[in-house]
Amino acid sequence: MKKYEVDVAVIGGGSAGLAAAIIVKKAELNVLIIERDKELGGITLQCIHNGFGLHEFKEELTGPEYVQRFINQAKELNIPYKLDTMVFEFTPEKKIYAVNKKEGLIEIKAKAIILAMGCREKTRGAINIPGFRPAGIYTAGQAQRFVNIEGYLPGRTYVILGSGDIGMIMARRLTWEGCQVKAVVEIQPYVSGLLRNEVQCLEDYGIPLITSYTVTKIHGKDRVKGVTISKVDRNFDRVIGSDKFIECDTLLLSVGLIPENELTREAGAEISQMGGPVIDNNLETTIEGVFACGNVLQVHDLVDLVTAEAKRAGLNAIEYLKERYNQKIERKEQIKCIAGENVNYVKPDIINKSDLSKDLIFTFRVKRPDRRILIQFKDDKNRIVFKRKRRYVIPSEMIELKLNSSEQQIDPECKSLEVEVVPRPEVLIEED
Amino acid sequence: MSVKTNGNEQEFPEGYKDIRCIVCPTGCLVHVENLNGELIIEGHSCKRGEEYAKEEFIAPKRILTTTIRIENGFLPLIPVRSDKPIPKDKLEETLKEIAHKQIEAPIKMGDILIENVLGLDINIIASRDLIEKQ
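Each protein sequence line maps, in turn, to chains A and B. Position 110 of the first sequence, counted from 1, bears residue number 106 in my numbering, the numbering being contiguous throughout. Add 3 to the 1-based position in the second sequence for my numbering, that's all there is to it.
Treat the hints with care, since some could be wrong.
Quick list of simulated restraints, FRET-style, between CB atoms [what the hints assert, rightly or not]:
(1) I66/B / I254/A: 28 to 36 Å
(2) S238/A / L123/B: 23 to 31 Å
(3) R364/A / C27/B: 15 to 23 Å
(4) I66/B / Y186/A: 20 to 28 Å
Straight line, CA to CA, 25 Å or less: simulated DSS-like cross-link-like pairs of lysine-lysine [claimed, not checked]:
(5) K71/A / K136/B
(6) K136/B / K98/A
(7) K54/A / K99/B
(8) K178/A / K136/B
(9) K54/A / K64/B
(10) K324/A / K349/A
(11) K136/B / K34/A
(12) K54/A / K111/B
(13) K178/A / K91/B
(14) K34/A / K111/B
(15) K54/A / K136/B
(16) K385/A / K50/B
(17) K99/B / K178/A
(18) K(-1)/A / K97/A
(19) K111/B / K71/A
(20) K78/A / K136/B
(21) K87/B / K97/A
(22) K7/B / K78/A
I should point out that these hints are in silico values taken from the structure, not numbers from a laboratory. Virtual Cβ for every residue (Gly too), placed ideally from N, Cα, C.
Hey, can you work out the whole structure from these sequences and the hints?
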């Protein structure tokens, strides 16, 4: 078995892995990217629409253009990478086991690992739609890969379940390719993706968005012949008598994404209830020296935020190697972060009390849309240690908040911190 | 908010349009109407929304992103985009024009693959590098 030794191994060569590896390499450490696909770039490569890069480059780019800039930079810096290489295990001792066609089984011993494996789509199995198993059922991202990278059309007439951004963007893409999208069906009473996509991908092409409905049956035995959609009530139970049949030959599912947790879980890292691994304010998992960033940590709606997070993971890995590696420093006392009122999850899961003098970056999503709200951080004694007004919150936009060390008043004695999104107490007339 | 713009310097399209503003998630419904050569814009709540609605009424444009077939490429398709926004009513024609093209690798990001498409003074450029089939 061929063996390698590196300072930092990055698992995944997409937008997150590339940005993290570039930061590490610039600090003149040995880094290696391990990628399972036949080229670097990850999922951003198949997102050929524009709208990327406004934060990172201050200009609007397509997905491939965005990630190409990072690939070019990685190549200029001579960052070593392995393609067609599948990691199947890593250990708490930071040994990575992987396979590829050229070398067979390989072992990579790293001092620190950055997890950047991304996420995958929920499938039909996750949402339990009755019916046979005919051809013509795809996840939206899978269809996106077929249409944008491999050059196939999965069908001619479509129903798309789920109004997430990928689903709506695929509705426009397929229309542009000469297909007919009969409807986008959404179980929630509101669109789950961005308004921009609802207007520019659906309304522009007269594609109906049917909210508070879901697919309750798939028709067809060999090939999809159509779907039954039904209205749902507030508990998402089917309303009897509301069934409608829509003829189509393909059903696309855009019903959510889940971080790729398998490697992380098997290594023994704690996984949080909502998605990715449990991390502290340094993006470090519960295994020392193993950091996580990008969609493997939490599903992002904007690649620019993935890049920012990956850079932080890279910097934290560098700091780990310089200050803590092989020091056997026990993690000091920690503060737990809890998702409170109208908050779906919050990252980080824990804050090290020893890091309270640093700036803290929080990311979270709300459960339901709301306007004119207050974001509050409350400790276990119900003291509000930080608050910020916001004009609106929607589940499809991840919120990133930086708490400057000077702004927050987190009590080092507290045990937990609850993040909540609540209505503003006062009625405000002026615009903010 | 409600504003009137005099059309002395430019000609506005006839009629009216209700436009859902995409500048921010508030999503104001903005009514834009040409009233005897004067442009009435109502329902927006910021300046950016006014600009957006005005442009959507006068000349809506979109960046076009699609793919072109590659004969000898590492991948069968290259993602492309228009280097400037294309008038909305020209999107379909442009897509058809692009669909007939076939291009050869290698390609570098930013390469002009179709120059001055349909005489619109807009180029179709490559969104990524693509090497030849190995």
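Hints and how they fare:
1. I66/B / I254/A: 28 to 36 Å: holds (31 Å)
2. S238/A / L123/B: 23 to 31 Å: Violated: the Cβ-Cβ distance is about 46 Å, outside 23 to 31 Å.
3. R364/A / C27/B: 15 to 23 Å: holds (18 Å)
4. I66/B / Y186/A: 20 to 28 Å: holds (27 Å)
5. K71/A / K136/B: Given pair K71/A, K136/B holds - Cα atoms ~20 Å apart, limit 25 Å.
6. K136/B / K98/A: holds (19 Å)
7. K54/A / K99/B: violated (31 Å)
8. K178/A / K136/B: Distance of about 37 Å is beyond 25 Å: violated.
9. K54/A / K64/B: Since the Cα atoms of K54/A and K64/B sit roughly 20 Å apart, the hinted pair holds (cutoff 25 Å).
10. K324/A / K349/A: Between K324/A and K349/A the Cα gap is close to 18 Å, so the pair holds against 25 Å.
11. K136/B / K34/A: Given that 25 Å is the threshold and the Cα spacing comes to 12 Å, the pair holds.
12. K54/A / K111/B: With a Cα-Cα distance of about 22 Å, the restraint between K54/A and K111/B holds, given a limit of 25 Å.
13. K178/A / K91/B: holds (21 Å)
14. K34/A / K111/B: holds (18 Å)
15. K54/A / K136/B: violated (34 Å)
16. K385/A / K50/B: Distance of about 22 Å is within 25 Å: holds.
17. K99/B / K178/A: The given pair, whose Cα atoms are some 22 Å apart, holds under the 25 Å limit.
18. K(-1)/A / K97/A: OK: K(-1)/A and K97/A at ~15 Å, within 25 Å.
19. K111/B / K71/A: Holds: K111/B and K71/A sit about 15 Å apart, inside 25 Å.
20. K78/A / K136/B: holds (19 Å)
21. K87/B / K97/A: Distance ~43 Å between K87/B and K97/A Cα, so the pair is violated.
22. K7/B / K78/A: Violated, at about 61 Å.
Hint compliance for this structure: hints 2, 7, 8, 15, 21 and 22 are not met, and every other hint is.
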